[in-house]
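Here are the chains, one letter per residue:
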Amino acid sequence: MNGARLLAGVLAEPARAREVTDWTAFLCLARAESLLGSLAFRLADQPLPPKVAAILADAQADAGYARTQALWEAEMACRALAGVAPAVLLKGTAYAAAGLDASAGRSIGDLDILVSRTALPQVERALLAAGWEWVKENAYDDHYYRTWMHELPPLIHRERDRMIDVHHTILPLTARRTPDAAALLADSIALPGGLRVLAPEDMVLHAVAHLFADGDLAGGLRNLWDIDRLLRQFAGQDGFWERLGARGRLHQLLPHARRALRLAARLYATPVDRRLAGRGDPADLLYERRLLARDGWGRAGRSLERFGFYLRSHLLRMPPRMLAAHLWKKARR
Amino acid sequence: MRHRLDLRIGPVSYRIGSAWPEPLAELRRLYRNYPAAEAVCDFTVRLEPERPWRRYLRPSVAIRGDYTLPDAAPLPLTLGLLAAEMGMNLQMALGQKRYLLLHAGSVERDGRALILTGHSGAGKSTLAALLGERGWRFMGDEFALLDPATGLLHAFPRAISLKNAALALFDGADPARLGPVLRGTPKGTIRHLQPPAEAIARMDQPARPALILFPRFGRDLDPATRPVGAAEVFVRLTQASTNYVALGARGFDSLTSLVTTVPARAIDYRSSEEAVALVESAWAELR
Amino acid sequence: MAGPRYIADPQALARNVALDGLTAIFHAPSGLTHLLAPPAPQILAALAGRPGSAEEVLARIAESFELEAANPADAIAARLAELEAVGLVAKT
Numbered sequence: 001m002n003g004a005r006l007l008a009g010v011l012a013e014p015a016r017a018r019e020v021t022d023w024t025a026f027l028c029l030a031r032a033e034s035l036l037g038s039l040a041f042r043l044a045d046q047p048l049p050p051k052v053a054a055i056l057a058d059a060q061a062d063a064g065y066a067r068t069q070a071l072w073e074a075e076m077a078c079r080a081l082a083g084v085a086p087a088v089l090l091k092g093t094a095y096a097a098a099g100l101d102a103s104a105g106r107s108i109g110d111l112d113i114l115v116s117r118t119a120l121p122q123v124e125r126a127l128l129a130a131g132w133e134w135v136k137e138n139a140y141d142d143h144y145y146r147t148w149m150h151e152l153p154p155l156i157h158r159e160r161d162r163m164i165d166v167h168h169t170i171l172p173l174t175a176r177r178t179p180d181a182a183a184l185l186a187d188s189i190a191l192p193g194g195l196r197v198l199a200p201e202d203m204v205l206h207a208v209a210h211l212f213a214d215g216d217l218a219g220g221l222r223n224l225w226d227i228d229r230l231l232r233q234f235a236g237q238d239g240f241w242e243r244l245g246a247r248g249r250l251h252q253l254l255p256h257a258r259r260a261l262r263l264a265a266r267l268y269a270t271p272v273d274r275r276l277a278g279r280g281d282p283a284d285l286l287y288e289r290r291l292l293a294r295d296g297w298g299r300a301g302r303s304l305e306r307f308g309f310y311l312r313s314h315l316l317r318m319p320p321r322m323l324a325a326h327l328w329k330k331a332r333r
Numbered sequence: 334m335r336h337r338l339d340l341r342i343g344p345v346s347y348r349i350g351s352a353w354p355e356p357l358a359e360l361r362r363l364y365r366n367y368p369a370a371e372a373v374c375d376f377t378v379r380l381e382p383e384r385p386w387r388r389y390l391r392p393s394v395a396i397r398g399d400y401t402l403p404d405a406a407p408l409p410l411t412l413g414l415l416a417a418e419m420g421m422n423l424q425m426a427l428g429q430k431r432y433l434l435l436h437a438g439s440v441e442r443d444g445r446a447l448i449l450t451g452h453s454g455a456g457k458s459t460l461a462a463l464l465g466e467r468g469w470r471f472m473g474d475e476f477a478l479l480d481p482a483t484g485l486l487h488a489f490p491r492a493i494s495l496k497n498a499a500l501a502l503f504d505g506a507d508p509a510r511l512g513p514v515l516r517g518t519p520k521g522t523i524r525h526l527q528p529p530a531e532a533i534a535r536m537d538q539p540a541r542p543a544l545i546l547f548p549r550f551g552r553d554l555d556p557a558t559r560p561v562g563a564a565e566v567f568v569r570l571t572q573a574s575t576n577y578v579a580l581g582a583r584g585f586d587s588l589t590s591l592v593t594t595v596p597a598r599a600i601d602y603r604s605s606e607e608a609v610a611l612v613e614s615a616w617a618e619l620r
Numbered sequence: 621m622a623g624p625r626y627i628a629d630p631q632a633l634a635r636n637v638a639l640d641g642l643t644a645i646f647h648a649p650s651g652l653t654h655l656l657a658p659p660a661p662q663i664l665a666a667l668a669g670r671p672g673s674a675e676e677v678l679a680r681i682a683e684s685f686e687l688e689a690a691n692p693a694d695a696i697a698a699r700l701a702e703l704e705a706v707g708l709v710a711k712t
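For the protein sequence lines, the chains are A, B and C, in the order given.
First residue of the first sequence? That's 1 in the numbering used here, and the numbers climb one at a time after it.
First residue of the second sequence? That's 334 in the numbering used here, and the numbers climb one at a time after it.
First residue of the third sequence? That's 621 in the numbering used here, and the numbers climb one at a time after it.
Since the hints were derived computationally from the structure, they do not count as laboratory data.
Glycine included, C-beta positions come from ideal geometry on N, C-alpha and C.
Hints are not guaranteed to be accurate.
Computed, partial: chain C to chain B, Cβ under 10 Å [to be verified]:
no., residue
1, ALA644
2, GLY651
3, LEU652
Here are some chain B residues pointing at chain A (derived, C-beta under 8 Å) [claimed, not checked]:
no., residue
4, ARG348
5, GLY350
6, CYS374
7, LYS430
8, ARG431
9, THR575
10, ALA579
11, GLY581
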């Protein structure tokens with residue numbers, strides 16, 4: 001059986017761990033998909049070989065450390081931005097701050113925050129004053145980020161060595177779809193302690209945008225797992241699916257959201273609203289194959305398909321002529 | 334992967350995959366006396382061509398695995414053994430989360446461990462190897478593993494990596510214990526030495542740390558031993574550890590406990606004979 | 621002129637070990653270790669869950685700790701700014 005498919009199956013239904021025959025390959029694959037910590041939490045109550053239990057205990061402890069570090073970065077950014085502009089936490093840090101199931105065992109990378117576009121200059125100044133500095137000083141990259149990307153050039157804290165990405169919307173400005181950034185901010189939710197996170201529907205839609213817009217679906221299995229966890233947690237709220245559909249339309253992400261729902265249902269047996277998810281199309285199979293392309297040695301696999309997805313993902317961000325100009329300038333440096 | 338070798342060094346099992354047979358054949362020879370790997374391996378290492386066509390055309394070995402350095406330069410196939418060793422070390426440096434990992438050599442006598450640490454080039458690796466030939470049980474030349482739960486030091490006796498001038502010190506070793514001479518590596522000339530049989534046979538026996546030494550080699554130095562204060566030892570060991578921060582409170586508790594209970598000395602030496610004598614006298618003073 | 625008021629986590633000193641006159645602390649909220657020289661540990665103790673300005677801190681630690689500085693309140697204010705930068709105290 002395809003190892004990645006079994007990984008998805010075990011995450012969804014932990015008792016299926018008994019189907020695993022090659023644990024070394026299984027754990028290697030989970031690690032390569034950044035899902036080892038999530039797997040460790042899911043398998044906490046399953047009978048496991050002692051060595052597997054030991055490796056997963058390490059992964060749980062490591063996830064605890066990632067959580068501490070991420071929440072501390074959020075806290076420090078929050079202190080730096082107090083009285084400057086409201087900042088909304090995104091992705092892994094947001095799940096941890098809000099105590100969502102999606103955060104159990106999840107690895108967390110850079111700190112991502114969303115602020116209003118008009119507040120960017122003040123936010124930039126406040127962060128620079130509080131010890132963050134630009135990762136690279138380069139006029140072109142700077143111009144590129146500011147003009148075409150949905151975020152400031154990355155900043156790194158000079159003492160703590162941690163990166164922060166300051167977004168003013170959730171997709172690049174040049175993509176054909178334009179989410180309503182003002183609505184994202186306006187409907188965000190305050191947590192005790194001054195941190196903010198997106199409203200449930202927007203949080204799901206951001207995870208959807210992240211799944212399809214970033215890279216070549218790399219890390220997609222983890223991003224789809226986020227979506228599964230969020231949907232399972234929010235589905236019980238009154239009128240959730242209707243609001244998800246309406247917000248999806250508002251942010252011009254409805255087709256993506258529908259596909260994500262179908263993929264989550266296929267891979268993680270996520271209970272989704274069938275009407276919203278819609279009928280499957282042949283491309284679902286391609287996406288599924290791409291999401292399950294990783295092998296038991298942790299290799300991403302299927303290079304032709306990868307290439308196709310890379311081109312596609314770049315086109316999503318930039319119209320072709322802009323892309324050509326960008327690649328030209330990159331090549332000349 | 335076409336070729337595969339599983340290895341166990343102390344408490345850590347590896348699965349090593351390679352696109353070529355040569356690196357694994359050399360590795361197999363160097364580790365032939367080691368116990369079998371566990372059924373489930375802690376880490377995976379992959380030795381693979383950087384691009385598919387580089388398997389045959391000027392073959393170059395990219396070092397990848399569970400943990401990969403994005404900017405690591407590939408090595409020529411003639412240095413495939415070194416690539417395997419570097420890949421295994423990388424997994425430990427970035428992935429070890431059970432033990433506090435100290436970048437240090439270690440040896441044991443009477444159930445008590447001596448930790449040798451310091452800047453790279455200070456001679457800790459060579460010194461640990463030398464002591465291993467002279468009545469001490471060799472525990473490791475690169476990584477020492479401190480168990481936060483017990484305070485005991487676990488052995489990680491990988492093949493010893495002899496560099497440049499240190500090669501001559503082991504000319505007399507049993508040729509069966511020596512690997513090929515690897516010239517033109519990023520660190521000069523390297524040759525691997527299989528640890529003594531006792532070090533391999535007893536690699537599952539931990540030891541209680543008893544002394545920490547910071548050796549410093551220099552032809553112009555006067556031989557000397559001086560005590561090092563707990564705060565300095567603490568700072569230097571946090572710098573010598575790749576996972577101190579990641580272990581959180583466990584790392585803090587085990588390291589503060591180590592530096593407040595175990596004495597530490599800096600030793601300056603001009604020759605390996607001098608170093609061994611200084612180590613013996615510092616050890617003798619413990620009683 | 622009243623300077624800014626600060627507060628420290630009540631648990632800031634919960635895990636601490638004395639090393640050669642310095643104090644190593646493990647700060648649980650950040651997972652970071654700090655090696656502090658006097659009077660930083662005394663300042664943290666004085667502000668643990670109890671807000672105060674540099675002058676108030678000085679008054680709180682004066683009994684147990686003698687500060688050798690020409691202007692002790694300024695010295696405390698400077699240490700407070702350093703502790704704020706590493707997140708061990710926050711402005712209230």
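Query - Structure versus earlier hints - violations, ascending order - result: Hint check: 9 fails alone, others pass.
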